[in-house]
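Trainee: What follows is each chain in one-letter form.
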Amino acid sequence: MAQVTLRKVVKKYDEVLAVRGIDLDIVDKEFIVLVGPSGCGKSTTLRMIAGLEEISDGDIAIGGDVVNDVPPKDRDIAMVFQNYALYPHMNVYENMSFGLKLKRTPKDEIERRVKQAAQILDITELLDRKPKQLSGGQRQRVAMGRAIVRDPKVFLFDEPLSNLDAKLRVQMRTEIKKVHQKVRTTTVYVTHDQVEAMTLADRVVVMNAGLIEQVGSPNDLYHSPATKFVAGFIGSPAMNFIACRVEQAAGALRLRLSDTLSFPVPADRTARYTPHVGKPNLLLGLRPEHIIETRPHIEPNQHDFEILIDVVEPMGMETLVYFTIEGTEVCGRVNPNAGATAEKPMKLRADLSNMHLIDDSTGKVL
Amino acid sequence: MANGRTIAIGIGTEASAASRRAGSLKKLARRRSTTALLLCAPLIVLIVGLKLYPTFYAIFLSMLDRKMEHFVGLDNFAFLLTRPSFQLVIFQSCLFAITAVVMKAVIGFIVAHLMHNIRGRNQRIWRGLLLVPWVIPLALSTLTWWWLFDPSYSALNWTLNWLGFESIPFLGTTWNARIAVIAVNVWFGAPFFMIMYLAALKSVPEQLYEAAAIDGATAWQKLRFITLPMMRNIILITMLYSLIVTFADFDIVRILTNGGPQDSTHLFATYAFNVGIESGNIPRGASVSLFMFPVLATLAFFVLRDVLKRSREVST
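Protein sequence lines correspond, in order, to chains S and E. Sequential numbering of the first sequence, starting at 1, is according to full-length UniProt numbering. Sequential numbering of the second sequence, starting at 1, is according to full-length UniProt numbering.
For the record, the hints were derived by calculation from the structure and aren't laboratory data. Small disclaimer: the values here were computed from a predicted structure and weren't measured. Some hints could be false.
What the hints assert, rightly or not - Straight-line Cα separation of at most 16 Å, EDC-like style, residue types lysine to aspartate or glutamate; simulated pairs:
| # | chain 1 | residue 1 | chain 2 | residue 2 |
| --- | --- | --- | --- | --- |
| 1 | S | Lys177 | S | Asp202 |
| 2 | S | Lys73 | S | Glu54 |
| 3 | S | Lys12 | S | Asp57 |
| 4 | S | Lys73 | S | Asp151 |
| 5 | S | Lys177 | S | Glu30 |
| 6 | S | Lys132 | E | Glu313 |
| 7 | S | Lys73 | E | Glu210 |
| 8 | E | Lys222 | S | Glu94 |
| 9 | S | Lys130 | E | Glu210 |
| 10 | S | Lys8 | S | Asp23 |
| 11 | S | Lys101 | S | Asp74 |
| 12 | S | Lys29 | S | Asp202 |
Generate the whole structure from the sequences, applying the supplied hints.
Mentor: Shown next, in the form of C-alpha cells:
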C-alpha cells in the first residue's frame, strides 16, 4: 500500500499535448476517481502511472520512489482494463495466478491467495472455466481477482464498467466499493461517468483538456464547483447556466435575468458579488433541484416567479419541467403532483442560497 | 408456376393430383437447402471432376500391374518398400519436408516479429519486398537458382573464388545437393509463413501484452505465455499445410537436380514422375505418389481436431 504523487506530469504525442502538467497527491488507501469527457487525458494519466505510457515531463512517485523509468512489471501495481484483457487461453485460476507464477511464488501460497480472492469476489466455482465461458460481469470479477491476488501497492481501473449493461454496472459498482472496503488498497479509477465517480470516490479529480479542473470530495464538487466545467459536468440533469447581470438597486444587489425577471442576491453574498456589478459575460448557475414548485412555507433566499412551461418530463419520483429565459433552456425539478402542464404557465420557486455566479469569459465560479 | 395455380382451382381428382405434384416441386424448389445445393453445384462438379475423380483413379491405378490389366492389390506398395532406391526417396522426402518446414517456420516467425515492430508505411514496403520470392513462379525462380548453383559460371562460385576460396559443387555431391534443394524451398516458402505469422501477431490484442507487462512478464515470458499460445492455431495450420505442400514438391528438385546425384535428392513427386511417366510404369508411379497420403491424412485429422477444439475454447 502506498501513496501516489504526480508532479508537473506532461504527456506529448508528437505535437499534441494530451496531459499538460498535472499535480496530484493520492494518499495511502484512498479511492481516487479521475473523471472527464473523452480525450481529457484521464486514461493517459492512468497509463502513465501504470508505466504503459512514457512520461514526457515531470515525475510520478509510488510509495515515495520516483518511477519514471521503472517498467510496469517493477512498479508493483495491478490494473483492470476496460475490456478485461483476460488471457483467453488460460482458465480463471491460471489467469489469476499468472502474475504470482511469474514472481515464482510457492504453489501453495498461490493457491491460498487465489482461493481467498475468489471467495471475496464469489467466483470460486468458476476457477476451471475459460474466459470465453464467462459472462461480462464474471469476466469483470476475474479481472478484479487477478488484481487482488497480487496484493499490489496500487490498483488501477481503466473504465472497468463501461462494457457492462446498465443494471450490471450498478451492481458491479457496489461490488468494487465493497472490495475496496475489504482490501483497502490505494486505488486510481478512471471513468467518464460522473455518477460512477460520485458514488465510488473518496476524492474525485475532474479533468478537462489535459488539465485538472478540480480535486475534491464528491460533495465538494457538487456543492462548490470551482469552474463552469465542473459545475456543468457533475450532476444530472446538468446545472442550468443563465446569462445575467448584477445590478445595484437601493443599496441591495439584484440578479437580472431578463427585463421582467430578476432576483435579489442572497445577503451573505452581497460583498462577494459587489465588484461584479455591471460586468458583462456573467452566468447564473442553478441546479434543476433548486428550481421547484411553490410551497406554502417559504425559506429565505427563495423567490417565486411565473413562467410558461415548454416541455414536461415525468420521471416517476419527480417531474422535470423545461422553460426558456431569454432563449436559454432551463430545467427544473418539481413534485409530480404539482400539476405541471406543457405550454401552460406555472408558478415556480428558485432557491438562490445554492446559486453560483460564473464569469463566462474565464470559466471561473466567482 | 402460373399453370399450377390455375389447375389448383379446378375440380376433379386428376387436377388436384397434378396440383399436388406441382406444389411439392414448388416446395422443394423453395427450400433453402435446395437453393444452397444449386448454388454450390458448380463448385461440387469442379471438386468432384478435378479432385475426387483423379484421387480415386490414382488409387485404382496403384493397384494394377504394369500393363494395367490385372488387379494386384497392395503389391506395388510392398514391392516399393523392399527397394533401396525407394527407401532413399522416403528418407530424402522426410528430410526435405521436415527440415524445410521447420526452417521456414523459424525464419518466418523471426521475420514476422521484425516486421511487426516496423511502423506504418515502411512495414508495407518491406512486406511487399519480402513476398517477392513467393510470388515469382517457382519453376522460373528455381531456374535462376540453378544458374546460381552452376559449378563453373555461377555468381556464387565466382564470389567464392574472388574471396580466395575453392569452387563448391553445389549440386554435385549428395549432401550439397540435398542442402541446396532445401535452401531453395526455404527461400521460396518462408515469406508465406512470414505473412501468416504477421497476420496472427496483429490479431493478438495489445492489451494482453499490457496486462502481462503489469503482471510482471519479461519480453521472453510475453513471447512464451502470450504470443505463442495465441498464435498456436495459426502455427499448427501453417505448418501442416506447408508440410503437405512440401512433401508434394516437384519443381525444385526436377529443375535443380532431377533427382541426382545418384537419385539422392528424389522426392515422392519427382520419383513418381520418373517411375510413372519416364519409365512408363504408371501403376507404380501412382503408388509412389500415394505413399504419404495415409500418413499426412492422419496427421491432418489430429492437428485440425486440436485446432478446432482450441479455437472453440479461445475465440471470444
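Trainee: Please verify whether S/Lys73 and S/Asp151 have alpha carbons no more than 16 Å apart.
Mentor: 14 Å, holds
Trainee: Assess, step by step, whether the Cα of S/Lys73 is no farther than 16 Å from the Cα of E/Glu210, and give holds or violated.
Mentor: Between S/Lys73 and E/Glu210 the Cα gap is close to 10 Å, so the pair holds against 16 Å.
Trainee: Measure nothing beyond the straight line between the CA atoms of S/Lys29 and S/Asp202; if it is 16 Å or shorter, mark the hint as holding.
Mentor: 10 Å, holds
Trainee: Measure nothing beyond the straight line between the CA atoms of S/Lys132 and E/Glu313; if it is 16 Å or shorter, mark the hint as holding.
Mentor: Given pair S/Lys132, E/Glu313 holds - Cα atoms ~7 Å apart, limit 16 Å.
Trainee: Does S/Lys177 pair with S/Glu30 here, judged by a C-alpha cut-off of 16 Å?
Mentor: OK: S/Lys177 and S/Glu30 at ~12 Å, within 16 Å.
Trainee: Does the alpha-carbon distance linking S/Lys73 and S/Glu54 stay inside the 16 Å limit?
Mentor: 14 Å, holds
Trainee: Compare the distance between the alpha carbons of S/Lys101 and S/Asp74 with 16 Å, and conclude whether the hinted pair is satisfied.
Mentor: With a Cα-Cα distance of about 15 Å, the restraint between S/Lys101 and S/Asp74 holds, given a limit of 16 Å.
Trainee: Please work out if S/Lys130 and E/Glu210 have their alpha carbons no farther apart than 16 Å.
Mentor: The hint is violated at about 20 Å.
Trainee: Are the Cα atoms of S/Lys177 and S/Asp202 separated by 16 Å or less?
Mentor: Holds - the C-alpha atoms of S/Asp202 and S/Lys177 are around 10 Å apart, at most 16 Å.
Trainee: Regarding the pair S/Lys8 and S/Asp23, is the alpha-carbon distance no greater than 16 Å?
Mentor: 5 Å, holds
Trainee: Tell me if the straight-line CA distance from S/Lys12 to S/Asp57 falls inside 16 Å.
Mentor: 9 Å, holds
Trainee: Is E/Lys222 within 16 Å of S/Glu94, Cα to Cα?
Mentor: 15 Å, holds
Consistency note: the structure conflicts with earlier hint 9 alone.
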